[in-house]
Amino acid sequence: MTDCYKPRDECGLSSAIKDAATAKMPLVVRGAGSKSAMGRPLGGYAMSLTTERMRGVSLYEPTELVIGALPGTPVSEIDRMLAKHNQMLPFEPMDHRVLFGTSAEPTIGGIVAGNVSGPRRIAVGACRDSLIGVRLVTGRGDVVKSGGRVMKNVTGLDLVKLNCGAWGTLGVLTEVIFKVLPKPARSLSVGLGGMNDTTAIAALTAALGSSFAVSAAAHIPASIGSDSTTIVRLEGSDGSVAYGARELAKLWRSFGRAELIEGDESANLWLRVRDAHWLAQPMDRSIWRLSLAPSKAPHVLADIRQKLGVRYFYDWGGGLVWLAVVGADDAGASVVREAMVNTGGHATLVRASSEIRRRIDVFEPLPPAVLKLTQEIKKCFDPDRVLNFGRMYAGI
Amino acid sequence: MSKIRFTEPNREILARRDSIINDLTRLVDPAGLITSADECRAYETDALTAYRKMPLAVVLPKTTEEVSAVLKYCHDTGVKVVPRGAGTSLAGGAIPSEDAVVLGLSKMNRVLAVNYDDRFIRVEAGVTNLSVTAVVAENGFFYGPDPSSQLACTIGGNIANNSGGAHCLKYGVTTNNLLGVRMVLIDGSIIDLGGDYLDSAGLDLLGLVVGSEGQLGIVTEATLRILKSAEGARPVLFGFPSCEGAGKAVADVIAAGIIPVAIEYMDKAAIEICEAFAKAGYPLDVEALLIVEVEGSDAEMDATLADITAIARANGATTVRESRSAIETAAIWKGRKSAFGATGRVADYLCMDGTVPTGKLSYVLAEISKIVQRHGLRVANVFHAGDGNIHPLILYNANDPSQQSKAEAAGDDILRLCVEVGGCLTGEHGVGIEKRDLMRCQFDDADLAQQIRVRAAFDPRWLLNTDKVFPLDFRCQG
Ligand SMILES: Cc1cc2nc3c(=O)[nH]c(=O)nc-3n(C[C@H](O)[C@H](O)[C@H](O)COP(=O)(O)OP(=O)(O)OC[C@H]3O[C@@H](n4cnc5c(N)ncnc54)[C@H](O)[C@@H]3O)c2cc1C
Ligand SMILES: Cc1cc2nc3c(=O)[nH]c(=O)nc-3n(C[C@H](O)[C@H](O)[C@H](O)COP(=O)(O)OP(=O)(O)OC[C@H]3O[C@@H](n4cnc5c(N)ncnc54)[C@H](O)[C@@H]3O)c2cc1C
Numbered sequence: 001m002t003d004c005y006k007p008r009d010e011c012g013l014s015s016a017i018k019d020a021a022t023a024k025m026p027l028v029v030r031g032a033g034s035k036s037a038m039g040r041p042l043g044g045y046a047m048s049l050t051t052e053r054m055r056g057v058s059l060y061e062p063t064e065l066v067i068g069a070l071p072g073t074p075v076s077e078i079d080r081m082l083a084k085h086n087q088m089l090p091f092e093p094m095d096h097r098v099l100f101g102t103s104a105e106p107t108i109g110g111i112v113a114g115n116v117s118g119p120r121r122i123a124v125g126a127c128r129d130s131l132i133g134v135r136l137v138t139g140r141g142d143v144v145k146s147g148g149r150v151m152k153n154v155t156g157l158d159l160v161k162l163n164c165g166a167w168g169t170l171g172v173l174t175e176v177i178f179k180v181l182p183k184p185a186r187s188l189s190v191g192l193g194g195m196n197d198t199t200a201i202a203a204l205t206a207a208l209g210s211s212f213a214v215s216a217a218a219h220i221p222a223s224i225g226s227d228s229t230t231i232v233r234l235e236g237s238d239g240s241v242a243y244g245a246r247e248l249a250k251l252w253r254s255f256g257r258a259e260l261i262e263g264d265e266s267a268n269l270w271l272r273v274r275d276a277h278w279l280a281q282p283m284d285r286s287i288w289r290l291s292l293a294p295s296k297a298p299h300v301l302a303d304i305r306q307k308l309g310v311r312y313f314y315d316w317g318g319g320l321v322w323l324a325v326v327g328a329d330d331a332g333a334s335v336v337r338e339a340m341v342n343t344g345g346h347a348t349l350v351r352a353s354s355e356i357r358r359r360i361d362v363f364e365p366l367p368p369a370v371l372k373l374t375q376e377i378k379k380c381f382d383p384d385r386v387l388n389f390g391r392m393y394a395g396i
Numbered sequence: 397m398s399k400i401r402f403t404e405p406n407r408e409i410l411a412r413r414d415s416i417i418n419d420l421t422r423l424v425d426p427a428g429l430i431t432s433a434d435e436c437r438a439y440e441t442d443a444l445t446a447y448r449k450m451p452l453a454v455v456l457p458k459t460t461e462e463v464s465a466v467l468k469y470c471h472d473t474g475v476k477v478v479p480r481g482a483g484t485s486l487a488g489g490a491i492p493s494e495d496a497v498v499l500g501l502s503k504m505n506r507v508l509a510v511n512y513d514d515r516f517i518r519v520e521a522g523v524t525n526l527s528v529t530a531v532v533a534e535n536g537f538f539y540g541p542d543p544s545s546q547l548a549c550t551i552g553g554n555i556a557n558n559s560g561g562a563h564c565l566k567y568g569v570t571t572n573n574l575l576g577v578r579m580v581l582i583d584g585s586i587i588d589l590g591g592d593y594l595d596s597a598g599l600d601l602l603g604l605v606v607g608s609e610g611q612l613g614i615v616t617e618a619t620l621r622i623l624k625s626a627e628g629a630r631p632v633l634f635g636f637p638s639c640e641g642a643g644k645a646v647a648d649v650i651a652a653g654i655i656p657v658a659i660e661y662m663d664k665a666a667i668e669i670c671e672a673f674a675k676a677g678y679p680l681d682v683e684a685l686l687i688v689e690v691e692g693s694d695a696e697m698d699a700t701l702a703d704i705t706a707i708a709r710a711n712g713a714t715t716v717r718e719s720r721s722a723i724e725t726a727a728i729w730k731g732r733k734s735a736f737g738a739t740g741r742v743a744d745y746l747c748m749d750g751t752v753p754t755g756k757l758s759y760v761l762a763e764i765s766k767i768v769q770r771h772g773l774r775v776a777n778v779f780h781a782g783d784g785n786i787h788p789l790i791l792y793n794a795n796d797p798s799q800q801s802k803a804e805a806a807g808d809d810i811l812r813l814c815v816e817v818g819g820c821l822t823g824e825h826g827v828g829i830e831k832r833d834l835m836r837c838q839f840d841d842a843d844l845a846q847q848i849r850v851r852a853a854f855d856p857r858w859l860l861n862t863d864k865v866f867p868l869d870f871r872c873q874g
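Protein chains in written order, with the numbering used here: chain P, 1 to 396; chain F, 397 to 874.
Check each hint, because a few of them may be wrong.
Mimicking BS3-like on lysine-lysine, the simulated pairs with C-alpha atoms at most 27 angstroms apart in a straight line are [unchecked claim]:
| no. | chain 1 | residue 1 | chain 2 | residue 2 |
| --- | --- | --- | --- | --- |
| 1 | F | LYS756 | F | LYS675 |
| 2 | P | LYS183 | F | LYS756 |
| 3 | P | LYS6 | P | LYS145 |
| 4 | F | LYS664 | P | LYS84 |
| 5 | F | LYS802 | F | LYS730 |
| 6 | F | LYS756 | P | LYS145 |
| 7 | P | LYS84 | F | LYS756 |
| 8 | P | LYS372 | F | LYS468 |
| 9 | F | LYS644 | P | LYS183 |
| 10 | F | LYS458 | F | LYS503 |
| 11 | F | LYS468 | P | LYS379 |
| 12 | F | LYS468 | P | LYS84 |
| 13 | P | LYS250 | P | LYS18 |
| 14 | F | LYS802 | F | LYS664 |
| 15 | F | LYS503 | F | LYS449 |
| 16 | P | LYS250 | F | LYS644 |
| 17 | F | LYS449 | F | LYS802 |
| 18 | F | LYS624 | P | LYS183 |
| 19 | P | LYS183 | F | LYS503 |
| 20 | P | LYS6 | P | LYS379 |
| 21 | F | LYS644 | F | LYS756 |
Far from chain F by the CB rule (all over 12 angstroms, computed), these chain P residues [said to hold, decoys possible]:
| no. | residue |
| --- | --- |
| 22 | ALA32 |
| 23 | ARG135 |
| 24 | ASN196 |
| 25 | ALA267 |
| 26 | PRO282 |
| 27 | SER354 |
| 28 | ARG358 |
Calculated from the structure, these hints are not laboratory results.
In this text, a Cβ means the ideal position worked out from N, Cα and C, and glycines have one as well.
Go ahead and model the full structure; you've got the sequences and the hints to work with.
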């Protein structure tokens with residue numbers, strides 16, 4: 001394996017990056033390290049850099065709803081700390097270990113670098129919406145901060161959002177600060193069975209267009225289990241959830257008889273949605289994540305299913321499709337991208353062999369003017385191209 | 397004496413004025429080109445009215461293609477461009493310079509698509525904030541960010557300043573409610589970022605554009621998230637005999653796990669001014685007032701308000717007035733939403749916009765009154781308490797130049813204080829020209845240099861809203 005920098009602090013990290021920049025030696029950036037690579041494969045670089053020694057919660061003010069942490073902090077540690085005060089990270093980040101069959105604990109830096117968000121994203125926003133401040137070391141070795149610890153801030157350009165979801169190609173995050181939310185007093189699910197995709201998305205749309213505290217909405221088609229399940233999660237105060245469940249059952253009367261799912265059964269169901277549990281096995285299938293307007297999703301899926309063997313389900317009310325492709329030598333890229341072309345949405349190849357990921361675009365190809373901007377931005381953060389060079393796009 | 401400096405206009409551009417205007421006539425519909433001094437005067441300032449500069453010319457394009465043609469021309473010939481929505485910026489963000497063309501979006505005010513199934517609306521950038529909600533209200537939907545200026549301000553201006561409103565505690569600010577934009581870069585190229593789906597591909601350029609104050613490009617269209625309105629909403633007024641009590645009540649509500657849709661704070665000076673103007677029935681025998689609004693079904697609102705009321709009483713609230721009708725609700729909000737206008741009737745004012753950690757609110761308020769007194773002036777405080785975004789209104793007399801510079805100095809001291817306690821210079825109004833020179837309090841050179849490099853990636857010749865946001869002397873070092 002390669003040599004690995006394991007800086008203890010921002011200063012050490014900065015000098016490691018400066019050394020790499022001077023030597024024009026590309027670095028692979030890791031959180032906990034250990035992962036099957038997401039994104040384009042980085043090839044045989046000599047050095048990697050991990051933030052695993054930079055860990056710990058740096059700031060937590062429960063009454064201000066704000067928490068900050070060093071990048072190598074395991075997400076589970078943050079969850080535990082927040083739980084003590086009955087709070088949570090709002091965006092419900094997925095645990096990729098199910099999908100990748102890996103064991104190292106996800107770090108908060110990796111979550112931010114991937115803008116990883118789960119089912120609650122439709123109600124409270126993505127990781128990038130909760131993230132209010134960052135510190136990072138750029139590819140120049142400069143320590144830069146943006147945002148801060150307060151909820152509202154338009155002072156200067158928003159480099160917080162720019163680095164959230166940049167997959168470590170612009171800078172290495174050294175501190176991330178979030179606004180958090182109180183855990184809902186109650187959470188339950190309302191489900192319908194036996195619906196096809198189009199009707200199911202219509203039911204989810206009706207629920208999301210209501211005012212009943214919907215915090216998640218998914219459809220698991222019959223091809224995954226024995227029967228299809230269309231579910232909505234309600235979260236809030238005791239009273240509002242009970243009321244919402246009653247009203248939603250009425251609203252859904254034309255779709256069928258709604259069933260209540262509570263407690264662990266409900267919680268486990270949403271963990272499975274979050275982690276794309278049903279698609280994890282067998283490991284050799286390629287996995288896609290499609291983001292598009294919910295009303296377009298069933299059409300896109302119908303189109304793809306005519307040409308490819310797939311297993312799939314919908315989250316985000318139909319706006320997110322998880323797709324496992326069976327045995328296509330391009331992971332189904334040509335079919336998937338062709339089906340998406342007129343939707344305006346985008347497709348990301350989440351899991352595939354490195355051989356396939358080397359050949360095809362993992363992230364949605366960008367239009368020329370946007371690609372040019374992306375290149376310019378890369379250049380101004382990381383002129384020597386030392387950080388995760390080529391991870392998102394060739395040359396970036 | 398005023399403190400804000402303006403750079404010397406480029407003489408070579410001024411000398412070319414006639415030929416520039418002549419060229420512009422070929423690029424936009426003649427009705428959309430304004431060149432006479434009389435008509436240009438409407439564009440010489442924004443809501444930071446103490447400063448004004450006549451622009452070289454004003455263009456009001458009707459299409460993205462016209463915007464593109466104008467920008468390409470300005471880029472190729474080195475002419476500066478100042479984007480403008482409704483000109484309600486409180487930070488001077490839309491104030492032009494003599495050698496710049498103002499590009500106003502006011503004629504691009506069409507609604508392009510409404511989609512209730514996918515919950516979005518697509519509009520041109522010159523559409524006003526309030527009219528977005530007006531379009532979808534008939535179906536029970538609304539657009540989240542609700543700045544007090546919503547009757548006038550445009551979606552393009554909201555995007556440029558990442559504007560918020562009283563209800564952003566629950567619904568977020570512009571950046572959390574924007575799905576996509578069509579934008580024209582300074583070289584005339586037209587790009588789409590995001591769209592009608594979540595989380596755009598590639599780098600989050602959409603997130604970068606929000607709050608960039610017209611420096612990265614001109615937004616011509618926007619796709620906005622619309623939401624179903626709650627079944628009901630009900631505000632309650634709480635009057636407190638002390639500011640500390642009100643501040644503590646805010647912290648206690650949040651610590652109890654309750655997130656109301658809005659928590660607005662007014663001090664005695666603001667209460668008096670607003671009450672005299674709006675006759676909202678605000679109590680005049682208290683030191684501070686909170687407006688807390690909750691939403692939901694009746695039963696749900698009853699339950700939440702009972703909890704909030706108990707917390708307020710425990711912190712000494714002497715007045716508790718729950719709205720019982722739509723008319724009462726409107727009255728309660730009218731007082732708050734007219735705060736700036738009402739203040740403008742009694743005095744000139746400078747509106748500050750720092751954000752502080754909510755735990756520091758009481759301390760900061762006490763310090764603010766000391767600062768303002770030290771400068772021999774008065775202050776009224778009205779702000780979004782739930783997120784710590786404070787709006788001290790420093791009252792002064794603009795006809796007395798010494799008062800203006802005192803007010804500006806007091807404002808600077810207040811913003812320094814915000815940064816010192818862990819906050820920031822501006823929560824929602826933007827840096828503009830007003831806070832440009834304070835940027836170094838919040839950022840060190842490495843931070844600013846990186847921002848400037850990103851800016852240059854979009855606009856290498858620094859033609860878009862040139863003298864805004866960054867300290868004037870910083871650009872050359874970048
Ligand atoms: C679309 C999608 C695809 C995914 N694919 C994979 C995958 O193929 N393999 C996988 O293990 N997980 C994948 N994940 C999950 C996600 O990467 C992990 O949940 C998360 O990154 C776990 O953190 P980690 O510490 O293991 O990060 P790592 O796996 O070590 O790193 C993840 C990414 O974040 C970057 N990164 C990590 N720390 C920092 C930092 N401090 N500053 C800047 N950049 C940093 C890395 O360079 C890498 O690009 C995917 C998530 C999504 C949404
Ligand atoms: C009485 C009053 C109350 C206010 N209340 C609030 C409030 O509650 N919350 C809040 O957040 N703000 C508030 N504001 C501030 C102001 O209304 C907002 O900043 C608003 O978003 C500005 O919109 P505008 O259309 O007037 O933009 P302008 O003032 O015309 O421009 C603002 C900035 O945006 C740029 N810009 C404008 N349009 C575009 C475009 N299409 N593309 C790129 N850049 C563009 C300009 O160059 C400038 O830098 C208030 C202002 C007033 C006067």
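Going back to the hint list, which numbers does this structure go against? 1, 4, 5, 12, 13, 16, 19, 23
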